[in-house]
Amino acid sequence: MSKKELVFLPLGGSGEIGMNMNLYGFGTPANRQWLMIDCGVMFGDLSTPGIDLICPDPSFILEEKEALHGLLLTHGHEDHIGAVALLAPKLGCPVYATPFTAALVARKLEENGEFDVELNIIDMNERFSLGPFDIEYVTLTHSIPEPSGIILRTELGDVLHTGDWKIDEKPTLGPTTDSASIKKLGDEGLLAMVCDSTNVLSSGESGSESAVRKSLTKLIAEQEGRVAVTTFASNVSRVVSICEAAMAADRSVCLLGRSMLRIVDVARETGILPEGLQFVEPRDAGFLPRQHVLYLCTGSQGEARAALSRIARNDHRDLTLSAGDTVIFSSKIIPGNDREIYTLQNDLVELGVKIITEKDEFVHVSGHPCREELRAMYDWARPEISIPVHGEARHLEEHANFALELGTKRSFAPRNGDLIRIAPDGPERIDEVPAGRIYLDGDILLPDGAAPIKERRKLSYAGILMVSVVFDGHKLADDIGVDGYGIVGGEDESDDLSDLPDEIEDAILALPKPKRADDEAVSLAVKRAVRIYFDDVWGKRPVVMTQIHRIAG
Numbered sequence: 002m003s004k005k006e007l008v009f010l011p012l013g014g015s016g017e018i019g020m021n022m023n024l025y026g027f028g029t030p031a032n033r034q035w036l037m038i039d040c041g042v043m044f045g046d047l048s049t050p051g052i053d054l055i056c057p058d059p060s061f062i063l064e065e066k067e068a069l070h071g072l073l074l075t076h077g078h079e080d081h082i083g084a085v086a087l088l089a090p091k092l093g094c095p096v097y098a099t100p101f102t103a104a105l106v107a108r109k110l111e112e113n114g115e116f117d118v119e120l121n122i123i124d125m126n127e128r129f130s131l132g133p134f135d136i137e138y139v140t141l142t143h144s145i146p147e148p149s150g151i152i153l154r155t156e157l158g159d160v161l162h163t164g165d166w167k168i169d170e171k172p173t174l175g176p177t178t179d180s181a182s183i184k185k186l187g188d189e190g191l192l193a194m195v196c197d198s199t200n201v202l203s204s205g206e207s208g209s210e211s212a213v214r215k216s217l218t219k220l221i222a223e224q225e226g227r228v229a230v231t232t233f234a235s236n237v238s239r240v241v242s243i244c245e246a247a248m249a250a251d252r253s254v255c256l257l258g259r260s261m262l263r264i265v266d267v268a269r270e271t272g273i274l275p276e277g278l279q280f281v282e283p284r285d286a287g288f289l290p291r292q293h294v295l296y297l298c299t300g301s302q303g304e305a306r307a308a309l310s311r312i313a314r315n316d317h318r319d320l321t322l323s324a325g326d327t328v329i330f331s332s333k334i335i336p337g338n339d340r341e342i343y344t345l346q347n348d349l350v351e352l353g354v355k356i357i358t359e360k361d362e363f364v365h366v367s368g369h370p371c372r373e374e375l376r377a378m379y380d381w382a383r384p385e386i387s388i389p390v391h392g393e394a395r396h397l398e399e400h401a402n403f404a405l406e407l408g409t410k411r412s413f414a415p416r417n418g419d420l421i422r423i424a425p426d427g428p429e430r431i432d433e434v435p436a437g438r439i440y441l442d443g444d445i446l447l448p449d450g451a452a453p454i455k456e457r458r459k460l461s462y463a464g465i466l467m468v469s470v471v472f473d474g475h476k477l478a479d480d481i482g483v484d485g486y487g488i489v490g491g492e493d494e495s496d497d498l499s500d501l502p503d504e505i506e507d508a509i510l511a512l513p514k515p516k517r518a519d520d521e522a523v524s525l526a527v528k529r530a531v532r533i534y535f536d537d538v539w540g541k542r543p544v545v546m547t548q549i550h551r552i553a554g
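Be aware that the sequence shown starts at 2, since it is given in my numbering, and climbs by one per residue.
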């Protein structure tokens, strides 16, 4: 008889930052029972034209969904909950989250028209059982309300899954890290810790939100003219700090951006937002003296449709900025967003606006643990096994090595799809399962490698050429028609591809007459002629679409 095993399987977030999805399995290989922790997204970029959201591919667990007991959410960031409304209906299991996170998920489910998902609201530090797992939420600190680690107790040992965290001894909202519970777990003997790796390459500590609040209060009071501050909307602590700094400077606060309004509304609904915070409507803020208003905006990452980008383009209906005004970026640059952010900042400078970033003043701290915080966590938890997640390959490997330096007996840096046996005798990769990405294209989920995505990539690189050919029997009945989009016909763009129809005609007429009756042969001849032409005049090959018309004899 096969022995029971405790296994870990990341499907997203191990090898990249974002798109977190993790599975824990318990039982024999033929009868494993599963739990999922987090179900997040990452955002599309220039390599995925037309795609806004990217999710982990859940194909493996969909085949095992009858044995999936629940989806546990650690906190409300998009890279941990963004795919819940898309995938939970397919998974068919109950979802568990603390009140703030659950409220965010509920709104996503409602927006997607999904009303059949069982969403369970649990208390902070709640303990309950699902299948063979004894589950306990443990309070941590992060850059969003109610961040939680999850303790999984099994008959083969206990695991602490940290989710995202940092150590903040003076958080501006919510409790401090429940180090007592983590130390108790270490005293009892912790088998494994699956831990955030985002800032493992950064020395020291991430810093406290209280220190940022103090710095922002001083900085905002020093500014003249209008002030706009942009930050991550989900960082409610930062939002509150900015609001209180504004009030100390006798400035009324106006919220701009849908995600900012939604997060503040959810924070108020769940009792997290301090009483007394008041906001002025955008239509009224424009009538206030410039030195008495502060705009709290979305768009810290240069998102084209966010409030700050529209302001920078001078197409926001409620706000214009000009010389004498200030924009404070109370955020960091997420890798990959550099170009968009610098473009946004340059656009603001062109308006005469002063820009202040974390490079200029102390206006931001990370929500993830630096090395000294990791050291403290390992001192508390003292796991036998370290499994780093939430990081690129360089983060995971460095974290695995650092854990060994900190006294952990064994470590394993996984990649998405690695099925890892934690117990007994772990960690060991015992299998590799399919792990990829699926893309939200409008309202449709597409698999990785789907033809529309491949075609768009080609189109974004070299455009498309439409070729129209009309036959009357074996003869050409009309001139070859060509129409290009996003392509260059030669060094002189006014060339207008004037030589190309003759090249295509010669290629078609070079075909034997019987071949001219074969649409596939004609299309191939057209593509070859186009390829030769553009190799010569451009050095790039557009996508070629050939329309063949035949006059009935």
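Please note that a few of the clues may not be correct.
[Claimed, not checked] When the alpha-carbon atoms are kept at most 20 Å apart in a straight line, the in silico DMTMM-like pairs for lysine to aspartate or glutamate are as follows:
{"#": "1", "residue 1": "Lys-5", "residue 2": "Glu-67"}
{"#": "2", "residue 1": "Lys-5", "residue 2": "Asp-361"}
{"#": "3", "residue 1": "Lys-514", "residue 2": "Asp-479"}
{"#": "4", "residue 1": "Lys-516", "residue 2": "Asp-500"}
{"#": "5", "residue 1": "Lys-355", "residue 2": "Glu-225"}
{"#": "6", "residue 1": "Lys-184", "residue 2": "Glu-433"}
{"#": "7", "residue 1": "Lys-333", "residue 2": "Glu-67"}
{"#": "8", "residue 1": "Lys-91", "residue 2": "Asp-519"}
{"#": "9", "residue 1": "Lys-184", "residue 2": "Glu-225"}
{"#": "10", "residue 1": "Lys-476", "residue 2": "Glu-433"}
{"#": "11", "residue 1": "Lys-516", "residue 2": "Asp-479"}
{"#": "12", "residue 1": "Lys-410", "residue 2": "Glu-225"}
{"#": "13", "residue 1": "Lys-528", "residue 2": "Asp-449"}
{"#": "14", "residue 1": "Lys-455", "residue 2": "Asp-473"}
{"#": "15", "residue 1": "Lys-516", "residue 2": "Asp-473"}
{"#": "16", "residue 1": "Lys-528", "residue 2": "Asp-484"}
[Said to hold, decoys possible] Cβ-Cβ distance ranges computed for the label pairs, FRET-style:
{"#": "17", "residue 1": "Ser-469", "residue 2": "Ile-431", "range": "35 to 45 Å"}
{"#": "18", "residue 1": "Glu-456", "residue 2": "Ile-533", "range": "55 to 65 Å"}
{"#": "19", "residue 1": "Phe-116", "residue 2": "Asp-266", "range": "47 to 57 Å"}
{"#": "20", "residue 1": "Ala-522", "residue 2": "Val-434", "range": "42 to 52 Å"}
{"#": "21", "residue 1": "Asp-117", "residue 2": "Glu-506", "range": "27 to 37 Å"}
{"#": "22", "residue 1": "Glu-189", "residue 2": "Thr-321", "range": "24 to 34 Å"}
{"#": "23", "residue 1": "Ile-431", "residue 2": "Arg-376", "range": "28 to 38 Å"}
{"#": "24", "residue 1": "His-293", "residue 2": "Asp-380", "range": "46 to 56 Å"}
{"#": "25", "residue 1": "Val-350", "residue 2": "Ala-511", "range": "40 to 50 Å"}
{"#": "26", "residue 1": "Arg-259", "residue 2": "Pro-95", "range": "45 to 55 Å"}
{"#": "27", "residue 1": "Leu-405", "residue 2": "Val-434", "range": "25 to 35 Å"}
Honestly, the hints are just simulated from the structure, not real lab data.
Computed from a predicted model, the values in this text were never measured in an experiment.
By construction, the Cβ of each residue, glycine as well, lies at the ideal position given by its N, Cα and C atoms.
Okay, the hints, checked on the actual structure:
{"no.": "1", "hint": "Lys-5 to Glu-67", "result": "holds, 19 Å"}
{"no.": "2", "hint": "Lys-5 to Asp-361", "result": "violated, 55 Å"}
{"no.": "3", "hint": "Lys-514 to Asp-479", "result": "holds, 17 Å"}
{"no.": "4", "hint": "Lys-516 to Asp-500", "result": "violated, 24 Å"}
{"no.": "5", "hint": "Lys-355 to Glu-225", "result": "holds, 11 Å"}
{"no.": "6", "hint": "Lys-184 to Glu-433", "result": "violated, 34 Å"}
{"no.": "7", "hint": "Lys-333 to Glu-67", "result": "violated, 42 Å"}
{"no.": "8", "hint": "Lys-91 to Asp-519", "result": "violated, 45 Å"}
{"no.": "9", "hint": "Lys-184 to Glu-225", "result": "violated, 49 Å"}
{"no.": "10", "hint": "Lys-476 to Glu-433", "result": "violated, 57 Å"}
{"no.": "11", "hint": "Lys-516 to Asp-479", "result": "holds, 18 Å"}
{"no.": "12", "hint": "Lys-410 to Glu-225", "result": "violated, 57 Å"}
{"no.": "13", "hint": "Lys-528 to Asp-449", "result": "violated, 27 Å"}
{"no.": "14", "hint": "Lys-455 to Asp-473", "result": "violated, 35 Å"}
{"no.": "15", "hint": "Lys-516 to Asp-473", "result": "holds, 14 Å"}
{"no.": "16", "hint": "Lys-528 to Asp-484", "result": "holds, 14 Å"}
{"no.": "17", "hint": "Ser-469 to Ile-431: 35 to 45 Å", "result": "violated, 57 Å"}
{"no.": "18", "hint": "Glu-456 to Ile-533: 55 to 65 Å", "result": "violated, 22 Å"}
{"no.": "19", "hint": "Phe-116 to Asp-266: 47 to 57 Å", "result": "violated, 20 Å"}
{"no.": "20", "hint": "Ala-522 to Val-434: 42 to 52 Å", "result": "holds, 44 Å"}
{"no.": "21", "hint": "Asp-117 to Glu-506: 27 to 37 Å", "result": "violated, 59 Å"}
{"no.": "22", "hint": "Glu-189 to Thr-321: 24 to 34 Å", "result": "violated, 60 Å"}
{"no.": "23", "hint": "Ile-431 to Arg-376: 28 to 38 Å", "result": "holds, 31 Å"}
{"no.": "24", "hint": "His-293 to Asp-380: 46 to 56 Å", "result": "holds, 49 Å"}
{"no.": "25", "hint": "Val-350 to Ala-511: 40 to 50 Å", "result": "violated, 58 Å"}
{"no.": "26", "hint": "Arg-259 to Pro-95: 45 to 55 Å", "result": "violated, 29 Å"}
{"no.": "27", "hint": "Leu-405 to Val-434: 25 to 35 Å", "result": "holds, 27 Å"}
Comparing the model with each numbered hint stated earlier shows that hints 2, 4, 6, 7, 8, 9, 10, 12, 13, 14, 17, 18, 19, 21, 22, 25 and 26 do not hold.
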